[in-house]
Every structure is written in structure tokens, then in C-alpha cells.
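All residue numbers for the sequence shown refer to this note's numbering, where the first residue is 1 and numbers rise by one.
Rather than coming from a laboratory, the hints here were simulated on the basis of the structure.
For every residue, glycine included, the Cβ atom is placed at its ideal position computed from N, Cα and C.
Treat the hints with care, since some could be wrong.
[Claimed, not checked] Derived lysine-lysine pairs resembling DSS-like cross-links, with alpha carbons at most 30 Å apart: (1) 156 x 59; (2) 160 x 85; (3) 54 x 30; (4) 156 x 54; (5) 156 x 55; (6) 145 x 156; (7) 120 x 108; (8) 153 x 108; (9) 24 x 85; (10) 108 x 160; (11) 148 x 85.
[To be verified] Here are the simulated distance ranges between beta carbons: (12) 59 x 161: 18 to 26 Å; (13) 117 x 53: 31 to 39 Å; (14) 151 x 117: 17 to 25 Å; (15) 57 x 28: 36 to 44 Å.
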Amino acid sequence: MSEEKKNTEEVQNKNIETEQPLTKDEELLKQKQEELDDVTDRYKRVLAEFENYKKRSSKERELLYNSILSDIVTVLLPVMDNLEKAALAETEDQNYKQGVELVLRQFKDVLASQGVEEIKSVGETFDPELHEAVSSVIDENLGEKEVKEVFRKGYKIGNKVIRHSMVVVAN
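Assemble the whole structure, with the sequences as input and the hints as a guide.
Now the structure itself:
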């Protein structure tokens with residue numbers, strides 16, 4: 001408790017005990033203490049509101065960044081699909097094949113540096129949050145709802161799926 005507040009309370013307690021009216025100085029001190037308390041309270045409220053604003057705007061910026069990133073990556077994923085197909089294609093020119101593989105590896109590294117992960121599918125249990133089933137087959141060698149084949153790879157950033165894997169599900 002501040003010294004001014006203690007002094008004000010002591011003066012008020014003395015005046016109550018003796019039932020004497022407050023002097024002009026004591027009245028002024030009481031009024032100034034109330035004004036100080038009011039200003040201090042307003043300051044604390046504004047400071048708390050500002051802290052909440054900073055946290056809220058930080059979250060909004062992060063969500064906006066992740067949204068924009070996932071939009072950009074979604075547009076680039078077909079390019080990656082085509083690079084993967086080009087890397088698998090047979091060619092007699094080994095330098096060309098190595099160049100395509102190098103570009104594909106670099107593309108994957110850039111996406112990984114931005115937090116983009118490939119969704120694991122083959123051998124995993126079918127999960128509708130991650131996979132999109134386009135076909136089902138009966139296979140005695142695989143378990144119930146196990147992913148047998150992937151038609152198109154899926155990707156996610158953190159926990160947000162930006163493209164579901166298109167898969168064939170067994171049994």
C-alpha cells in the first residue's frame with residue numbers, strides 16, 4: 001500500500017473516531033487519492049487490453065501466414081507430382097535423369113523447410129482425415145482397412161491437411 005493511501009486512511013480513521021469534519025487539505029488529499037486510484041485502474045485495464053491485442057494479432061498473423069503458405073503449396077503440388085513422374089520415367093540420357101532427380105530433391109527440401117510433410121499411406125490404416133479412398137480391393141495378405149496403393153500423395157503442414165492422399169483400401 002502506498003504511503004499516501006496509508007496517510008489518507010489514517011486521517012479518515014482519526015476523523016471517524018473523533019467525528020471531526022475533514023479539513024480542506026484532508027478533503028483535497030482524499031479527492032486526489034481517489035483520482036489517482038481511478039487513473040491507476042484505467043492504466044491497468046488499458047495495459048491488459050493492449051497485451052490481449054498483441055497476443056490476438058500475433059495468432060491472427062500466424063494463421064494468415066499458414067493459410068497463405070498452404071494455398072501456395074497447394075498450387076505447387078501438381079508440379080511436384082509431374083517431377084516425380086518424370087524422375088520415374090525411363091530415359092537413356094542419364095544426365096537428364098539426374099537433373100530431374102536433383103530438381104525434385106531440391107523441391108522436396110524447400111517444401112520440407114516450410115513444414116510441408118508427405119502423408120504416409122501405404123501399409124497404414126485408412127484414416128478419412130488423411131486419405132481419400134478411390135477404390136477398394138480384397139487382399140488376404142493385408143489387414144482390415146489397410147492402404148494398399150497410393151494414386152496421388154497427400155501433404156500436410158503441421159496438423160492441417162492441404163491435400164488428402166488418394167488411396168486404394170484393402171478389405
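Legend entry - Consistency of beta-carbon spacing, residue 53 to residue 117, with hint 31 to 39 Å: holds, 33 Å
Inset, instruction - Would you check the hint for residue 145 and residue 156, treating anything up to 30 Å between C-alpha atoms as holding? - result: holds, 21 Å
Legend entry - Satisfaction of hint between residue 160 and residue 108, Cα-Cα up to 30 Å: holds, 18 Å
Inset, instruction - Can you let me know if the beta-carbon spacing of residue 57 and residue 28 is within 36 to 44 Å? - result: 43 Å Cβ-Cβ, so the 36 to 44 Å window holds.
Legend entry - residue 24 paired with residue 85 [C-alpha distance capped at 30 Å]: violated, 91 Å
Legend entry - 30 Å Cα cutoff - pair residue 148, residue 85: Roughly 20 Å between the alpha carbons, so the hint for residue 148 and residue 85 holds.
Inset, instruction - Verify the proposed pairing of residue 156 with residue 59, using a straight-line Cα cut of 30 Å. - result: Given pair residue 156, residue 59 holds - Cα atoms ~20 Å apart, limit 30 Å.
Inset, instruction - Please work out if residue 54 and residue 30 have their alpha carbons no farther apart than 30 Å. - result: Roughly 36 Å separates the two Cα atoms, so the pair is violated.
Inset, instruction - Mind checking the alpha carbons of residue 153 and residue 108 for me, to see if they're no more than 30 Å apart? - result: Status holds; Cα separation ~13 Å.
Inset, instruction - Measure nothing beyond the straight line between the CA atoms of residue 120 and residue 108; if it is 30 Å or shorter, mark the hint as holding. - result: holds, 15 Å
Inset, instruction - Starting from the hint 17 to 25 Å, judge whether the C-beta atoms of residue 151 and residue 117 obey it. - result: The hinted range 17 to 25 Å holds for residue 151 and residue 117, with Cβ atoms some 19 Å apart.
Legend entry - Hinted pair residue 156 and residue 54, Cα distance within 30 Å: Judged against 30 Å, a Cα distance of about 28 Å means the pair holds.
Violated hints, in rising order: 3, 9; the structure is consistent with all others.
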